[in-house]
Amino acid sequence: MSKRITVDPISRIEGHLRVDVEVENGSVSNAWASSTMWRGIERILTGRDPREAWLFTQRFCGVCTTVHAMASVRSVEDALQLEIPLNAQYIRNLILIAHAMHDHIVHFYHLSALDFVDILQIPKADPAKTSSLIEGLSPWTGNSKHVMKAAQDKVKAVAASGQLGIFTNGYWGHPAMKLSPEVNLLAFAHYLQALDYQRRALGVVAMLGSKTPHIQNLTVGGVANAINLDSQGTLNMDRLAMIKQGLDEVIPFIQQVYLPDVCAIAAMYPEWLTYGAGVTNYMAAPDLPLDSKGTQFDLPGGTLIDGKLTTFKTAADPIFRKEVVEDVAHAYYEGKDALHPWKGETNPAYNEWDANGKYSWVKAPRFQGKPIQVGPLAQVLIGYKQGHPLTVKWTNAALATMSKIGGRTFTIDSLHSTMGRHVARAIRAAMLTELADKHWTLLVNNIAKGDLAIHNQPDFPSGTIEGVGTHEAPRGLLSHWVVVKGGKIDNYQAVVPSTWNASPRDKNGVRGPYEASLMQNPIANPEQPLEVLRTIHSFDPCLACAVHTYDATGKQIVRVKAL
Amino acid sequence: MKRILIGGIGNVLMGDDGVGPYLARTLDARYQFSEGVQVVDFGTPGLDFVVHIAGLDALILVDAVDNGKPAGTVTTYRRSDILASPVPMRLDPHQPALKESILIADLDGSGPKDVTLVGISGQSYTFNTPLNESVRKAVDDAIEVVLRELEQYGVICTPKEGGTPDVWWEAQGSCEAPAR
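So the protein lines, in turn, are chains B and C.
Start counting the first sequence at 1; every next residue gets the next number (our numbering).
Start counting the second sequence at 1001; every next residue gets the next number (our numbering).
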């Protein structure tokens, strides 16, 4: 007998990800991903000044603020063919790096580790044994048995107080939980430490962006960080030293804790390196530009389609500019044609959720007619295939650690999976630690040469211009597409990473990445679909941040119905 | 000196959901506070809350609230009210996560002892619409509630002269780029 499971964590305001899966004989036989809220964000920008678009786009989402600001200024700069001074590139790059390090740490420890780590096992752990597990695998100083004991005591205290509140939103004791009490304790001790290190990474964003959660220092044409090494209130030597210190604190945590933890959990759940591949066509934008024109980059980009590599030479490569369309056959919008973003329309046409018809507010982006998976996994696989040295170095290091812990050989092919997305994110974070150091040095050396330029003035023609700004965000390839007419925005479309990944079916009935990745996932207990959460969380979805209203009541969110 | 943060939460692009940031910016324009007090327009943070609330003595939040009361009603919730219901499971890991953030901050001992949420009942949360008048009118009442809370902590609030709040999202095409 088959069952339909609907996971719909909706409150009274629509706007979250909803997932429906059909389960037959203990595994997923069909899947739908949908967003339950119309965003229509783009329409607010029509008629506005392109120089202030980034202030609005920064409010698209409360978590991805910085990335939408960055893609927006880049789209306008692309339309104007405006060069960006080196200092501005480096400052932006440092913000992007620090933000991504923060985001990747939070995603793993605080948003998805507890899909694999069972808190209720922790009181049974032996702290000394936990500490000795990691000896020889990591030089991290925060792994002593005293640290482990303190973390264990925290869980015991929370359990004794009867307020397991924070840990009641998972399926503890679920048969799919497999770690030993000691490994659960180790992961939880690092969960606590991660709180501190993600905070330090965000501190760097705040120092450069002048504020968080909404940075203030961007401008079309550069940045607004006045540089004067001898002056208070500007970017001076003291401040640069503080930024360096912040980065230096986070770097060892990523290299010695985050990456080894993910490798260990992957090696201990090897079956999750076989489930969840889904759509195995990938795309990433090159990012962290090294020159004012944006022709050289420190992060690799391109496409991997049917195993064939194409490398993007620029952040908005001619192939990318030409070959992206958004299909609305199964999305709640008017129209039948798949449109290019510059021609994109956002006119709602809502009906009840319909498995065979329209069922999502997310459009279905397609590249060369195909669904595409984006995210750190895409960037890592593309960089690895290109032989990008930094990618190869950290990917091989991760695979070696996994193989050592698992006692068997894991190859790059195992990363096409639910767990592979977590591993790739940690690999990317490790790559960023080296780039953090590099771009700080580039900035300081450039200033030392006497270059204090931070901004080039934009100048808008009276006619129509088109631009696309990309950013390889923590969740993957983000692109903002703008049409400017006579100095005013005529059309604006944001194709966000979660749009690619949460895409519904297209007019040919081809599933999007979330949907495809859920197929054949095992489901041990339909009432507690932990496996669905594991696969969906591995993408780091972000659809929900557009609305926030305090809701005082808990809601039932898993519905199971026999078909 | 007590560390106190007043935070406006909400999406400024979504009708009444923007009342939190609107109030934060209005409060900031109208009053000067004694040392240790910070006013922040939070937008719609997820777990990033953890970073901002760490080490505070008191957190005062202002947010739109859906509690079945007439639009513009101001209701105060305390820490125990906020934590009373279970933490919802997250499918999208970025759902607004006030409750979860407080509990996580508590784990490493950095959670604020006092948390107050000044809720303003909203009417509609439609994209690209301004605050409804009933909600806008309630802002002064809600500011009074915030000021009374601050007084209890011994904060000195001094009115500023001629402060205009920077609510840039309400300006309609305020500054057009010059066409050549």
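Hints listed in this document are in silico derivations from the structure and should not be mistaken for laboratory results.
Please note that the accuracy of each hint is not assured.
Here chain B is said to cover these stretches of chain C; the calculated rule only asks that three of the stretch's residues, wherever they fall, bring their Cβ under 8 Å from a Cβ of chain B [claimed, not checked]:
# : segment
1 : 1140-1150
2 : 1154-1168
Partial list, computed: chain C residues near chain B (C-beta under 8 Å) [said to hold, decoys possible]:
# : residue
3 : Met1001
4 : Val1050
5 : Ala1054
6 : Asp1057
7 : Ile1104
8 : Asn1128
Below, simulated DSS-like cross-link-like pairs (lysine-lysine); rule was C-alpha separation at most 25 Å, straight line [claimed, not checked]:
#  : chain 1 : residue 1 : chain 2 : residue 2
9  : B       : Lys211    : C       : Lys1069
10 : B       : Lys124    : B       : Lys211
11 : B       : Lys370    : B       : Lys393
12 : B       : Lys370    : B       : Lys358
13 : B       : Lys393    : B       : Lys322
14 : B       : Lys211    : B       : Lys322
15 : B       : Lys370    : B       : Lys145
16 : C       : Lys1113   : B       : Lys154
17 : B       : Lys156    : C       : Lys1113
18 : B       : Lys211    : C       : Lys1002
19 : B       : Lys507    : B       : Lys488
20 : B       : Lys370    : B       : Lys313
Quantities reported herein were computed from a predicted structural model and do not represent experimental measurements.
Glycine is no exception: its CB is placed at the ideal position from the N, C-alpha and C atoms.
Results of checking the hints against the structure:
no. : hint                    : result
1   : 1140-1150               : violated (count 0)
2   : 1154-1168               : violated (count 1)
3   : Met1001                 : violated (21 Å)
4   : Val1050                 : holds (6 Å)
5   : Ala1054                 : holds (7 Å)
6   : Asp1057                 : violated (18 Å)
7   : Ile1104                 : holds (6 Å)
8   : Asn1128                 : holds (5 Å)
9   : B:Lys211 with C:Lys1069 : violated (35 Å)
10  : B:Lys124 with B:Lys211  : violated (43 Å)
11  : B:Lys370 with B:Lys393  : violated (30 Å)
12  : B:Lys370 with B:Lys358  : holds (19 Å)
13  : B:Lys393 with B:Lys322  : violated (33 Å)
14  : B:Lys211 with B:Lys322  : violated (36 Å)
15  : B:Lys370 with B:Lys145  : violated (51 Å)
16  : C:Lys1113 with B:Lys154 : holds (18 Å)
17  : B:Lys156 with C:Lys1113 : holds (21 Å)
18  : B:Lys211 with C:Lys1002 : holds (22 Å)
19  : B:Lys507 with B:Lys488  : violated (34 Å)
20  : B:Lys370 with B:Lys313  : holds (21 Å)
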